[in-house]
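So the sequence lines, in the order shown, correspond to chains F and L.
Sequential numbering of the first sequence, starting at -12, is according to my numbering.
Sequential numbering of the second sequence, starting at -12, is according to my numbering.
If you are wondering where the hints come from, they were derived from the structure by calculation, not from laboratory data.
As the structure is a prediction and not an experimental result, all values here were calculated from the model.
A hint or two may mislead.
Identical chains share a label here; the pair holds if one copy fits it or two copies do between them.
Computed cross-link-like contacts, SDA-like style, restricted to lysine to any residue with a CA-CA straight-line distance of at most 25 Å [to be verified]: (1) LYS100 <-> GLU355; (2) LYS376 <-> PRO285; (3) LYS197 <-> ALA27; (4) LYS357 <-> GLY286.
Protein chains: 2
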Amino acid sequence: MNMSGAVAGPTVQIIAIGDELLEGRTSDTNSRRIQQALGAHAVQVSLIQVVPDREEAIVRALDRTGAGDLVFVTGGLGSTPDDLTRDVVARWAGVDLAEDPEVKQLLQERWKKRGIRTSPGSVRQSQVPRGMTPLPNPVGSAPGLAGGLCGRTLVMLPGVPQELQGLLPAAVKWLDENGHLPRPRRTLLWRTAQASELALVRTCSDIKLKFPRLEWSWWLTDWGVDIRLAAPAGSAGADDLAAAEPEIESALGRLIYSRRSETLPQVVQRRMLDRKATLAVAESCTAGMIGATMTDQPGSSGFFRGGILAYADQVKTGQLGVPEDLLRDKGAVSQETVLYMAAGCRQRIGTDYAVAVTGISGPEGGTEDKPVGTTWIGIATPESVFARKYRFPADRERNRLLTVAAAVDSMRRVLELGDGDPPWQAADSWCRPS
Amino acid sequence: MNMSGAVAGPTVQIIAIGDELLEGRTSDTNSRRIQQALGAHAVQVSLIQVVPDREEAIVRALDRTGAGDLVFVTGGLGSTPDDLTRDVVARWAGVDLAEDPEVKQLLQERWKKRGIRTSPGSVRQSQVPRGMTPLPNPVGSAPGLAGGLCGRTLVMLPGVPQELQGLLPAAVKWLDENGHLPRPRRTLLWRTAQASELALVRTCSDIKLKFPRLEWSWWLTDWGVDIRLAAPAGSAGADDLAAAEPEIESALGRLIYSRRSETLPQVVQRRMLDRKATLAVAESCTAGMIGATMTDQPGSSGFFRGGILAYADQVKTGQLGVPEDLLRDKGAVSQETVLYMAAGCRQRIGTDYAVAVTGISGPEGGTEDKPVGTTWIGIATPESVFARKYRFPADRERNRLLTVAAAVDSMRRVLELGDGDPPWQAADSWCRPS
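Okay, chain F solo, but in the shape it has when bound (with noise of 0.2 Å):
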C-alpha cells in the first residue's frame, strides 16, 4: 500500500535488454533496484519494457520513450558481440562513439591485476558514445553511462544484478547533481518486525491523522514491515516530519529493529559482536532455517557457535535432553518441550545465548487445539528461560519464514532489552496469548 500523493518529477521509463529475460530463464529484478534507488526523489517509474538483445527491438523501445524523460537501460553493455546497447544507443541517437582514455586505463589495470592481457572486448567496452559521462564500475568492467540524448537523460548500467547495484549510488548522484531529479525529500525510515502491515497502520492511525501533509509508504520485507516517512518537497512537511518522529518512534517501541538499511541478522550480528556473545540454535519445524539465516553475512563465525536440528522427537530427547514422559504428556510443540530445547541447547553447545522453535507448519499436523501454523519460540539467556506461543496464518513454506524472523527478532530484543526481561509484549501481531 504506497499513500504517497502526487508526485513530481521527470517521467521514468526503464528498458531491460537481454535475451534471458524473454526465454523464461530469468525475471527482471533490475527494475525493483532502480526504483528503490530513486525512492527519496519522488519520483516514479511509468514503463518498464523488457526486450531482447536485437537492435530493431531496442530501438523500437528507445522510440517509445519521450522528449525530457529519464531513461535507465540495462544489460548489453559486456563484452561479447551480442552485447549490443552501448553502439544501438549511439546509432540510435546520432552520436559517434569515442574511446575514453581514462575508462581504457582503469580496464587495463584491471585485467593487469588478474594478469590478462588487454581483450578487444574490453577496448569495446571503453567506448562512450559522445555527450556521456562514464560512471566507474566498482564490482565489474562496464562502466555505467550517464548523459543527455535525443532530449532524454539515459542512464545506462550493466545487467549483472551486483554490477548494477554496484553503479546505482553513483548513477543517482551524477543526476542528482546534473539537476535531473527533484531534490530529494527528507524522509525517515523504520524498520519493523513481529508486527502485520495491517497492525502498524492501525499503531500509526492517528499520527497519520494529525499529520497530513506526511507521505507514508509500508513496504513488506523478510523480516517484517519498512515504513517510510516523507515530508513534501517544498513545504512545512519538514517540521511535521520532526513533531511526528518521537510520537511514531514512542508507538512502535521495540517492533523497530532499525532506523537505517541494516537487516534484521544484521542487527543481531553487530549487537553479538559488539558484546562478545555467543548463539547456539535448537531448531524443529525450521530444520537449519534460523542457523542458516544468522551464517548469511561474513563475519558470523565470531559469534555464531552450532546447533541441534531436533526435528524428530529422538533428537529432541537425545541430544537436547528434552524428558520423554514430558514430551508425551505436554507434546513436540509446547511451552515445555520449547523452554528444554533452548536451556538444553544453551548448556550442551556451550554458548551465551540459545534460541529454540518447535512448530507445526503445515499443510499436515494440526489439530483442534494446536492448528497449522501453532509455533513455540524459547530464548535461553544467561540468566533467564523464555517462551512465547506464536500463531502463524500461512501455508508451510511462508509459516517457517515467519517463524525464523520472529526467532531472530526475539534474540535482537533479548540483546536490546537484557537478559532478564520476557522480550515479548501484546502488540506483537503474530503472538496470541497463551
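Use these hints to put chain L onto chain F, whose structure you have.
Quick look at chain L alone, frame taken from chain F:
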C-alpha cells in the same frame, strides 16, 4: 545459452499490470512462468511491458501490440476498484461486458463454502468481455479470460503468482485447441546436478554435431542445469530425437537426477520414503541450509530426523566426536574431519544415512592450500563412509548454495548406486581430485 533455431508461430507479448511492479515493492515474475509454460510450443516472447493500474497506461500498452499477436495480460482482475483490466480491455476493444452465469454460479458456490455472501466485487469478477471464454480458476476467484479481440488473441490472467500458475495449463490448452499455437514439439528433458553448463555443453558437443536438426536449450536451476532437446516441428526430427536419446543418457550418466519436473530434494525424499530410510545432516559452512532444504516439502518428517550444526570447532568435537588432535593437525576443512563428522552424525542421531559438509565459503578464511570455495562433502551409509573435495568458484552466498546442491545430489546418487559405491566421478565438474 539458448540454441534453438528460428521460431515459428505468432509474436507473443506480455503486459504486466500493477502499481506494485513500478514502485520497487515487487518484481514481475509471472512473465517467466508464462514463457516456461509456452516452452514446448516453439514460440518466443518479443516484448514485456510493465505498466501501472491506470487506464491510459493500459490502453497505450495494448496499442503497442499488433494484429495477429498473442497477448498475455496479467494482473488487475481482482474485485477492488483499482482492478481495471477487465473494463479497460473491453472499452479498448469496443465490446460489452456481460455477466457469465456459469462464472457467477462458481463464484457464489466458492463464497458460500466460506460462509460469505456474494459481494459486489464478486459480481464484477463474473463479467466477461463479449467474445472471450472464461477459464475456471483452480486456486482463487477471478477466472482467466481467453479470446480474440481487435485481431489479437488475448489471454488475461490474475497477477497473484499462485493463481496465474494454477490457470496457465488451462490457458495453454485453450490456445492449443483453438489453433493459436504451433503444434507442440516433441521434447526431452534431463535435469542434471554437479556439472557446470560449460562442462555439459562440452560433454554433449559430439552428439550435437551428429544431430544438427535438434534444438538444444540449457537452463540454470537451483540444483544444476536442465537440458531440453526439441525436435523441430514438422520435420523428420522426431527420429533424430529417438536416436539421440540413448546417446545423451549414456554421456550424462549419473549427472541426471530427473527426466521430468521433479526437483532434486523431491527425488531424494521419494527415494528415502520408498526404502523407509532415515537421514541426518552435519553442517559446518552451510549452517542449516541442507536441513532446511531437505524439509522444504510436506512429508519430510517421514525420513528426515535432524542433525548437528557444527559451525565452530567446539561443536565438531563435542557433538560429533571429531578428535581434537585430528582437527588441529588436519584442519576443520579436511577429508579426515568430514569423515568423522558424517560417521559421528549418523551414529549419534541414529539414522541410516548422514550427510556432512565443511568448507571455506568466504570471503575470509582462504589460504594458498585451501582457497575460498574449498569444501569437503562426506556421506555415511550403513556400509561405508565416503568423502570428496570440491572447489566452488564463487562468492560466499553462491558457494553455500553450490555446497547444498552437491551434498543433496551426492545423497541422491548413493540412493541410486548403492550403499557401498562412492557416488562421485570425474565428470562432476565442481570436484577437483584431492
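Now for the hints, and whether the structure bears them out:
{"no.": "1", "hint": "LYS100 <-> GLU355", "result": "between (65 Å within a copy, 18 Å between copies)"}
{"no.": "2", "hint": "LYS376 <-> PRO285", "result": "between (32 Å within a copy, 22 Å between copies)"}
{"no.": "3", "hint": "LYS197 <-> ALA27", "result": "within (22 Å within a copy, 57 Å between copies)"}
{"no.": "4", "hint": "LYS357 <-> GLY286", "result": "between (38 Å within a copy, 18 Å between copies)"}
Hint compliance for this structure: no hint is broken.
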